[in-house]
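**Q** Now for the letters of each chain:
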Amino acid sequence: MKDEELLNLILQRLPESSPQISNPNRIRIKSDPHRLHDDCATLLSLGFDHLQTICVTDYPQTNEFEFNYIIGSVQDHLKRNIVMLVMRVSRSKPVVPTVIDIWPAAKLFEREEFEMLGAWFDGNPEMKFLYLPEDWNEIPPLLKDYKLKRWVDEERDRHNLVIERVEHER
Amino acid sequence: MSGNINLDTEGLAGVFQEETAPEGRLKVSFGPQHPGSGHMRIILTVNGDIVEDAVPDVGYVHRGVEKMCEYKNYIQNIPHIERPAIHDSSGTIFPYILAVERLLDLTEKVPERAQYIRVIMAELNRMINHFYFFGILGIFMGHTTPITWGMGDRDYLIDVAAMATGARVTFSYFVPGGVRTDLPYGFEDRLLKTCDYIQSRIPAYKAYLEENPFARMRLEGVGVIKRRDAIALGLAGPTLRGSGVKSDVRMDEPYSLYDTLDFEVPTRDEGDAMARMLVHFEEVKQSLSIVRQAVKKLRPGPVKIPLRGQIRGKVGDAYARTEGARGMNSYYIISDGQVRPYRVRVNTGDSRNLAAMPLVLIGGKVADVPVAHWSLDYWPVAADR
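Sequences listed follow chains A and B, in order. Per the working numbering, the very first residue in the first sequence carries number 1; after that it's consecutive. Per the working numbering, the very first residue in the second sequence carries number 1; after that it's consecutive.
Don't read these hints as lab results, they were simulated from the structure. Remember, it's a predicted structure, so these values are computed and weren't measured experimentally. Warning: the hint list may mix true and false statements.
When the alpha-carbon atoms are kept at most 35 Å apart in a straight line, the in silico DSBU-like pairs for lysine-lysine are as follows [to be verified]:
| no. | chain 1 | residue 1 | chain 2 | residue 2 |
| --- | --- | --- | --- | --- |
| 1 | A | K93 | B | K193 |
| 2 | A | K30 | B | K226 |
| 3 | B | K246 | B | K193 |
| 4 | A | K30 | A | K128 |
| 5 | A | K128 | B | K72 |
Sequences and hints are given; from them, build the entire structure.
**A** Now the structure itself:
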């Protein structure tokens with residue numbers, strides 16, 4: 001489907017989502033946690049049946065998380081279109097409803113974003129670590145507060161490694 | 001990593017939770033040794049010979065690619081992104097490059113020769129991956145012939161790829177704006193000769209994997225995924241097409257001049273391990289055809305746009321996807337205008353296909369676990385990222 005046609009269609013069905021074409025074949029719509037479930041159900045009814053990823057991004061400057069649901073389709077007329085459902089949620093309480101009843105594929109994505117960023121998906125029965133070790137007791141690693149450099153320094157101290165800087169003489 | 005093991009865990013209290021199996025059942029930890037595909041574990045609850053529950057326990061090879069991406073610039077990210085997928089390094093890096101080109105406004109400017117070279121490398125990698133697939137599938141069926149054939153034939157393809165890129169598995173050959181170097185003298189001849197050789201091997205594989213009654217007994221009816229489930233679970237690649245869904249990014253949203261090439265998207269309706277194997281099989285034939293067409297279309301010319309200095313993406317985001325050998329690979333990159341990406345979300349076909357793991361194992365026999373697991377096109381290293 002052409003971008004403009006899809007834009008009009010989404011505008012009719014989801015008038016509050018202010019859709020816009022961000023890149024060719026990519027339509028970006030806005031949502032919020034209260035509307036999320038209904039918006040996703042509407043997208044599914046439009047034919048967007050293939051959830052491709054959920055991406056959560058940390059914005060410590062504005063104290064927000066950006067949730068990005070990237071949804072495609074395997075139906076012939078929508079195969080080249082991608083809808084990106086974006087919403088900003090406060091970083092101090094990043095709780096959104098789950099969408100696993102709409103797209104079961106969300107189960108793993110939600111678990112991953114939970115462990116990596118600490119976002120909480122209300123209603124997902126398996127909110128536990130997927131990739132991280134069970135004894136991980138630090139902050140979620142994809143937060144901007146988690147600095148790799150500090151981790152490297154601590155590991156070095158823990159193992160008493162001495163990294164000498166070799167100055168080469170000319 | 002989650003899940004439980006059925007051992008005496010007194011010394012490990014807090015690390016592993018002990019959980020006993022229900023009455024009359026046995027908990028079996030399948031892995032985390034390298035079961036031919038990378039480290040992962042499946043916790044099976046078995047009733048006699050039947051699997052009643054299967055919980056995949058992944059994360060043993062998670063290396064934090066997404067975090068590392070935020071610490072390196074757009075070019076430095078190329079080698080470490082493709083490390084996890086040693087069978088499909090071109091397919092893994094391809095969408096990253098497309099997304100970065102979108103951020104640099106280079107999408108329309110990439111030279112034609114570079115685009116066809118990318119197609120050739122991506123299809124070579126697809127064949128390299130699929131021959132590995134046949135080999136390990138044979139091992140998991142209990143046969144030793146396919147692994148020797150698969151590894152041997154795969155090596156000829158690797159040799160061709162190494163001729164162009166200088167590396168055998170992780171090529172780091174695609175760069176924003178084109179490919180790293182032009183093809184060496186004599187590459188086309190050798191590539192076409194290798195394609196002829198691979199073509200000549202296809203009847204042998206057909207006889208062994210498709211017509212052989214012993215292979216059919218192990219593959220048919222194993223790990224069935226229905227079309228409806230395949231879509232709902234967000235599966236990708238040959239696993240999705242083996243369940244009758246005609247979905248291929250090369251066709252759906254053509255990139256890199258795939259729309260100028262003539263090829264088909266093979267699908268099967270059965271949804272079992274045999275169907276997925278046959279999809280791989282047909283894809284090798286299609287890849288041979290694509291490579292031959294792309295070689296004919298190669299014209300002399302530049303292979304990359306020279307980028308000077310430190311490159312910075314424009315402020316915004318880009319989502320690119322390509323059809324990798326094991327399914328759709330996609331990258332979502334957010335740029336804040338700096339030399340490093342602000343956030344990179346990596347999704348490989350493997351990580352999507354993990355969602356179907358319990359579905360294909362539950363209800364099957366213990367002896368079918370390896371076959372069902374491997375036919376799913378799930379490679380733990382690429383899935384864990």
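**Q** What are the numbers of the hints that this structure violates, sorted from low to high?
**A** Violated hint: only 1; rest satisfied.
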